[in-house]
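Residue-level listing of the chains:
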Amino acid sequence: MRAFLGFVWKETLHLLRDRQTLAILILFPVVQVLIFGFAVRTDVRDIQIAIVDPTPDVASNELRERVAASDRFKVVWIGSSAADLETRFREGTIRQALVLPRDVERKLGRGDSLPVQLITDGSDPNTAGIMMGYATAIVQRWYRDAVPANGALQIEAQARMRYNPTLESSHLFVPGLIAFVLTIVSALMTAISITREKETGTMEMLLVSPIRPKAIVAGKVIPYIVLGFISVLLVLVAARTVFGVPLRGSLFLLLAESLLYIVTALALGILISTKVPNQRTAMIAALAGLMMPTLLLSGFIFPLASLPKVLQWLSYIVPARWFLTIVRGIMLKGAGLATLWQETLILIGMTLFLLVKGSRGLAIRLG
Amino acid sequence: MRTILFLVRKEFLQIFRDRTTVFQIFMIPVVQLLVLANAATFDVKQVAMLVVDEDHTTVSSGLVQRLEAGRQFRVVRYTSSDAGVDHALLDREVTAVLHIPRYFEEDLVRRGRAPVQLVLNAEEGATTGIVQSYANSILASYARELDRTLPLARSGTSATARVAPLDLRTQRWYNPTRNYKYWMVPALMVSLTTIIGLLLTAQNITRENELGTLEQLNVTPMTKIQFIAAKLIPFWILSMLIFSIGLAIGKLVFGIPMRGNLLIVYLAAAVYLIVVLGMGLGISTITRTQQQSMFVAFFFTLIFLLMSGLFTPVDSMPDWAQRVAEANPVKHFVSIMRAVLMRGAGLETVGRPIIGLGIAGVAVLGLAVLRYRKSVA
Numbered sequence: 039m040r041a042f043l044g045f046v047w048k049e050t051l052h053l054l055r056d057r058q059t060l061a062i063l064i065l066f067p068v069v070q071v072l073i074f075g076f077a078v079r080t081d082v083r084d085i086q087i088a089i090v091d092p093t094p095d096v097a098s099n100e101l102r103e104r105v106a107a108s109d110r111f112k113v114v115w116i117g118s119s120a121a122d123l124e125t126r127f128r129e130g131t132i133r134q135a136l137v138l139p140r141d142v143e144r145k146l147g148r149g150d151s152l153p154v155q156l157i158t159d160g161s162d163p164n165t166a167g168i169m170m171g172y173a174t175a176i177v178q179r180w181y182r183d184a185v186p187a188n189g190a191l192q193i194e195a196q197a198r199m200r201y202n203p204t205l206e207s208s209h210l211f212v213p214g215l216i217a218f219v220l221t222i223v224s225a226l227m228t229a230i231s232i233t234r235e236k237e238t239g240t241m242e243m244l245l246v247s248p249i250r251p252k253a254i255v256a257g258k259v260i261p262y263i264v265l266g267f268i269s270v271l272l273v274l275v276a277a278r279t280v281f282g283v284p285l286r287g288s289l290f291l292l293l294a295e296s297l298l299y300i301v302t303a304l305a306l307g308i309l310i311s312t313k314v315p316n317q318r319t320a321m322i323a324a325l326a327g328l329m330m331p332t333l334l335l336s337g338f339i340f341p342l343a344s345l346p347k348v349l350q351w352l353s354y355i356v357p358a359r360w361f362l363t364i365v366r367g368i369m370l371k372g373a374g375l376a377t378l379w380q381e382t383l384i385l386i387g388m389t390l391f392l393l394v395k396g397s398r399g400l401a402i403r404l405g
Numbered sequence: 610m611r612t613i614l615f616l617v618r619k620e621f622l623q624i625f626r627d628r629t630t631v632f633q634i635f636m637i638p639v640v641q642l643l644v645l646a647n648a649a650t651f652d653v654k655q656v657a658m659l660v661v662d663e664d665h666t667t668v669s670s671g672l673v674q675r676l677e678a679g680r681q682f683r684v685v686r687y688t689s690s691d692a693g694v695d696h697a698l699l700d701r702e703v704t705a706v707l708h709i710p711r712y713f714e715e716d717l718v719r720r721g722r723a724p725v726q727l728v729l730n731a732e733e734g735a736t737t738g739i740v741q742s743y744a745n746s747i748l749a750s751y752a753r754e755l756d757r758t759l760p761l762a763r764s765g766t767s768a769t770a771r772v773a774p775l776d777l778r779t780q781r782w783y784n785p786t787r788n789y790k791y792w793m794v795p796a797l798m799v800s801l802t803t804i805i806g807l808l809l810t811a812q813n814i815t816r817e818n819e820l821g822t823l824e825q826l827n828v829t830p831m832t833k834i835q836f837i838a839a840k841l842i843p844f845w846i847l848s849m850l851i852f853s854i855g856l857a858i859g860k861l862v863f864g865i866p867m868r869g870n871l872l873i874v875y876l877a878a879a880v881y882l883i884v885v886l887g888m889g890l891g892i893s894t895i896t897r898t899q900q901q902s903m904f905v906a907f908f909f910t911l912i913f914l915l916m917s918g919l920f921t922p923v924d925s926m927p928d929w930a931q932r933v934a935e936a937n938p939v940k941h942f943v944s945i946m947r948a949v950l951m952r953g954a955g956l957e958t959v960g961r962p963i964i965g966l967g968i969a970g971v972a973v974l975g976l977a978v979l980r981y982r983k984s985v986a
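In the order they appear, the protein sequences are chains C and B. Take any residue in the first sequence, note its place counting from 1, add 38, and you have its number in the working numbering. Take any residue in the second sequence, note its place counting from 1, add 609, and you have its number in the working numbering.
Excised from the complex, chain B in its bound form (with noise of 0.2 Å):
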C-alpha cells in the first residue's frame, strides 16, 4: 500500500511539474466545454429566404408579413419571377424559397384551399426538418386567421358552426425554453472526461515505454498490480477533478438544470471512469509508441461518441446499430447524465445501467491487467 502511495505520488509530482501538460489538461476541457456548448448545437437560427410571388394581393402579402414576424424567417428579397432563384439557392444566399403562385388569393376565397411551394437547401440537412414544421406551422395559423377574416364565396360555410372545435394543447416538458445546451452541456461533458480519460492514460503508459523508462520500472520489485494501480489512480482523480470542473461551468455559466441528485451523477461517474481507464491500459498494452497509442485511442474514442447519442439520437439509429450502441459504455453514461439533470431521474431508473458500467469496468480493467506484461518480450 506504501508503496502505491509513493508511486501515485510521484505520477502527481511528474504531471505537476510540466505546467504545459497541467495548462492542457485543465485549460482544454474549459476551453472546449465553452466553445462546444455553443457549436454543438442544431438550434435553428433565421433562416434566409426568398419570396416569389406571382400573386401580389394582400392575402399573398399578409402571408409574407406573417413569415417575416415569426423571427423564424428573414425574408432577403422579394420578386416576383422565378429568375435568379436557382442561383440564390447554389450560392447559398438564402436557404428556402418560398413560391406564391398566381390566382393564390383566388383559390383560396373560391375553393378554400390553395398551394404554395416551399423549396429548401437540404445541402445542411440537419436542420430541414424543423425548419419545414416551422414554415407548416406559420401556414396552418395564417390560414385558420384568414377562415375568420377572409369573405368566403363557398357555399355551406355556415355549418361551420356545428362543427366541434379541435383544441390541440401541446406541452414541452423538461426544456420548455428550448435551450439547446441543457440537451448538450451534459453530454459534452461525459465526452470530455472520456477523451481526457483515456488518452492521458494511454499515452502516459506508452511514452514510459518508448522512453525506456518503463524497463526501469519493471526492474524494481514492485507488483504489476501496484504499477497498475499507481498509474491509474491518478488519472481517475484527474478525470473526477475535471468532471467536475464541467459540472461547476455548467451550472454557473451555461444554469444547467440539476433536478436529480448530484450524488448519484458523481457515482455515475466514477464507475464510468473504471471502463475508460480501463480502455486507457488496454490500448497501451496492444501498442508500442505514443503515435500508435493515440491513433488507437482517438480512434475508439471517435466511434464510441459517434454512435453514444451525443450528437445524433440513438433512437433515429437502425436497429443492428441500437443493439450495438447497447455495448457502448459513453452511450450509458450520457443517457444517465440526461436523465438525472434534465428529468431528476432516481436510483430506481439509472441503478440498472449504472451496475452494467461498473460489471464492464471490471471486465474492461481486469482484461487490461491480464494482457499487462510486465517483461519485454
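Just chain C, with the same shape it has in the complex (with noise of 0.2 Å):
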C-alpha cells in the first residue's frame, strides 16, 4: 500500500511539474464556458437587409422605418431598383432583401394586390428559415395596422419554453461542456500519459517493479480523477457566476453522477491505451474515438433528434450521451434520481464494462 501511495504521489508530482500542461487543464474549462457563453450562440440577430423602394411614399416608408427599428435587422442599403442585389448578395454584404412594388400607398388605398417580395440568402438552410420568420413577422405587422379594416381571422399562438424561457444559448451549452471538458481531461490525457511510459520505454521498468500493473493504471489514473473533479467544479462556478446558468436541482446529485463519469472517461482513455502503440495513434484514437462522438452524437450542439437514424443508433454506445441528458436534467429541468435513474444505470453498466475490458487488456509484458 505504501508503494503504491508513493507512486501516486510520483505520478501527481510528474502532473504538477509540467506547468504547462497544467495551465491549459486548468484554463481550458473556463476559457471553453466563456466562448461558449459569449460566442457560440444559435439566436440570429444584426441581419444586413437592403430594401428596394421604387416609388417611396407615406405607407412604404412607414415599413422601412420598422425594418430599422427592430434590432433584429440593420438596413444597409435602400434604393429604387433591384438590379444589383444579386451581386451584394453574392459578395456576402446583404443577406436578405425586401423587394416592395411601386406606389405602394395608392395600391393599400385602392385595394389593388400589394406584391412584396422576399428574398434570403438560403445558404444556410435555418438561419434563412428564421430571417424569412422575423422579416414576415414585421412585413404582416405593418400590412395589419395599414389597412385597419381588415378582418382577417387570427389564431395567437402564445409560445412557452420550457426549461429555458429566454433561449438562452450558455443554458444549453454548459451542461454539454462538462461532459466535454471531462472527456478530455480524463480520457484523452490518461490514454496519452500512459502510452507515453510505453513510448520512452519507462513502462518496461514499471512493469519489473514489485507494484502490480493494475496498481499501476490505478496510480497514474488518480492524479486525474482529482483533476477532473476540479475541472467540473470550475465550469460549473464560471457558468453561475457570469452566465446565471440555473442549477434547479441537486448539487450533491450532479457531483455525484460527475464523479461516475470521470470514471467512466478514465476507463475509456485506458482502453484506448492498451490498444496504441505510441502517443501519436493515441492521440488520434481519442480524437476520432471520443472527442468527435461526444461533441457530435451527444446533443451537445446538435441535437439528437436532428440526425439521420443510424447515427441516432450510434449515439446509444456514446457515455456522454447519457451523462448528458442526466446533467441538463439536474440542471434546466431540476430532475432527481427518479427521472434519472435509467439513464445512471447505463453509465454505470457501461464504466464496468470498460473497467473489466481495459484491466484485461493490461499485458504484464509489452508486446
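Misleading hints may appear alongside valid ones.
Lysine to any residue pairs mimicking SDA-like chemistry, simulated, CA-CA at most 25 Å apart [claimed, not checked]:
(1) C:Lys236 - B:Lys860
(2) B:Lys619 - C:Pro315
(3) C:Lys313 - B:Arg628
(4) C:Lys236 - B:Ile613
(5) C:Lys313 - B:Leu820
(6) B:Lys860 - C:Met330
(7) C:Lys313 - B:Val639
(8) C:Lys347 - B:Ile637
(9) B:Lys654 - C:Ser353
(10) C:Lys252 - C:Phe391
(11) C:Lys347 - B:Phe920
(12) C:Lys347 - B:Ile858
Hints in this document: simulated from the structure, not taken from any laboratory. Bear in mind the structure is a predicted one, so any value in this text is a computation, not a measurement.
Two chains, each in its own frame: build the complex with the hints.
As C-alpha cells, this is what we get:
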C-alpha cells in the first residue's frame, strides 16, 4: 500500500511539474465556458437587409422605419432598383432583401393587390428560415396596421419555452461542456500519459517493479480523477457566476454523477492506451473515437433528433449522451434520480464493462 | 535545394512506411467528413407533439390535421386534459405541447381571434426557434383557410372585399432545397484540413525532439531554413491532398454545388495552409513533449473552430467577439469556401481575404522560424 501511495505521489508530481500542461488543463474549462457562453450562439440578430423601394411614400416609409427599428435587422442599403441585388448577395454584404412594388400607398388605398418580394440568402437553411420568419412578421404587422378594416381571422400562438424561457444559448451549452471537458481531461490525458510511458520505455521499468500492473494504472489515473473533479467545479462556478446558468436540481447528485462519468472517461482512456502503440495513435484515436462523438453524437451542439437514424442508434453507445441527459436534467429541469435512474444505470454498466475490458488488456509484458 | 529535396523524400518515406499513420491520415478525414456531414446539423426533423384539445370541435381537430399533414410534427398523443403533460416533457417523450383551450371554435367565430398555447422543450434550444416558426406558419395558413370556409358571426366582414390583399412572396437563394449539407460540407473540409495540418506538424517536430533524433538533425550541416522547409513541404502536400479528397467526396457523395471557380478555392487553400503549418511549427517551438504539443494544438484548434462560424453564425456573436473573429484565419477560409462554392463569388469578393490570409501566413511562419532554435537550450 505504501508503495502504491508513493507511486500516486510520483504521478502527481509529474503532473504538477509540467506547468504548461497544467495551466492549459485549468484554463481549458474556463475558456471553453466563456467561448460557449459569449460566442457560440444560435440566435439570429443584426441581419443585413436591403430594401428596394422604387417610389417612397408614407406607407412604404412606415415599413422601412419598422424594419430599421427592429434590433433583428440592420438596414444596410435602400435603393430604387433591384438590379444589383444579386451582386450584393454574392459579395455577402446583404443576407436579405425586401422588394416593394411601386406606389404602395396608392395600392393600399385602392385595394389593389400588393406584391411584396422577400429574398433571403438561403445558404444556411435554418438561419434563413428564422430570418424569413422575422421579416414576414414585420411585414404582416405593418400590413395589418396599414389596413385597419382588415377582418382576417387570427389564431394567436402563445409560445412558452420550458426549461429555458429566454432560449439563452449558454444555458444549453454548459451541461454539454461539462461532459466535453471531462472527456478531454480524463480520457485523452490518461490515454496519452500511459502510452507515453510505453513509448519512452519507462513502462518496462515500472512493470519489473514490485507494483502490480493494475496498481500502476490506478496510480496513473488517480491524479486525473482529482483534476477532472476540479474542472467540473471550475465549469460550474464560471457558468453560475458569469452566465447565471440555473442549477435547479441537487448539487450533490450532480457532483456524484460527474464523478461516475470521470471514471467512465478514465476507463475509456485506459482502454485506448492498451490498444495503441504510441502517443500519436493514442491522440488520433482519442480525437476520432471520443472527442468527435462527444461533440457531435451526444446532443451537445447538435440536437440528437436532427441526426439520421443510423447515427441516432450509434449515439446510444456514446457515454457522453447519457451523461448529458443527466446533467441537463439536473441543471435545467430540476430532475432527480427518480427520472434519471435509467441513464445512471446505463452509465454504471458502461463503466464496469470498460473497466473489465481495459484491465484485461493490460499486459504484464510489453508485446 | 538538393538537401531539401532529400529531406522531403526522407519525410515522405517515414510517413508512408508507417501504415497505421497513412491509414489514419487518409481514412480519418474521409470517415469524419461522411459522419460529420450527417451529424453536424441543426436540421429539424419531425417533432413529437402532444395535443391537449379541450375544445373537441371540427375546427380544433382540423388544426391537428393540418399540423400532421405538414410533415414537421408528429402527434404522438392526443388528450383532452392537462394531466401528464409535465411528465411527458420532463421525460422527453414529446418536444412540443399544443394546448387548444375550450371555446376555441366559438371564439374564432364570434371574435375572429382565438388563442392557442404552444409549449416547447427548449432544452435543445438551437432548433426551438425554427420549430416555433413552423408552428406559426401552419397556424397562420390555417387561419387564412378558415377565413374562407368558416361562417362568421362578426359584422362588417363584407368590407374585406375592398382591402388590398398582401401578396408576400418569399424566395430562398443559393440553397432552395434547404439542404443542410450544402452549407456544412464546405466548412467541414476546412476543419479537417486544419486539424490534420496543425496536429501533424506540431506532433511530428516535437516527436523528434522527444525521441532525441532532433539533436541528430541539429548537428548536421543543414541550415534552419532547410530543416523547416523540409518538415513543412511534405505536410503542405499531404494537407492539399486531403483537401482534394474532401472536395471530391463533397461533389460525388453529397453533390454540393460548386458555382465558383475551383482554382480560387485551391489558391485560398494553398495560402491558408501556410498559416496552419506556421502555427503548427510555432506550437512545436514552445512545447517539449508530444503530450504538451497535442494539447496546445488541440486547445487552439477548438477555439479557432468554434469562433469560425463553422457551427454557429459569426453574425450572432457579440460585437467584440466578431472583432476577435476577424483575426481568426479559420473564419476567413470558411467564409471564402462558402462564398465561392455556394454563391459563386469571384476574386473581386474573396481576393482581399485571401491576401489577408497570405499576410497572416508570412507573419506566423516568420515568427515561428525566428523562434525555432537549432541549439538545445
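Here's how the hints hold up against the structure:
no. : hint                : verdict
1   : C:Lys236 - B:Lys860 : violated, 42 Å
2   : B:Lys619 - C:Pro315 : holds, 22 Å
3   : C:Lys313 - B:Arg628 : holds, 16 Å
4   : C:Lys236 - B:Ile613 : violated, 33 Å
5   : C:Lys313 - B:Leu820 : holds, 21 Å
6   : B:Lys860 - C:Met330 : holds, 23 Å
7   : C:Lys313 - B:Val639 : holds, 22 Å
8   : C:Lys347 - B:Ile637 : holds, 22 Å
9   : B:Lys654 - C:Ser353 : holds, 17 Å
10  : C:Lys252 - C:Phe391 : holds, 16 Å
11  : C:Lys347 - B:Phe920 : holds, 21 Å
12  : C:Lys347 - B:Ile858 : holds, 21 Å
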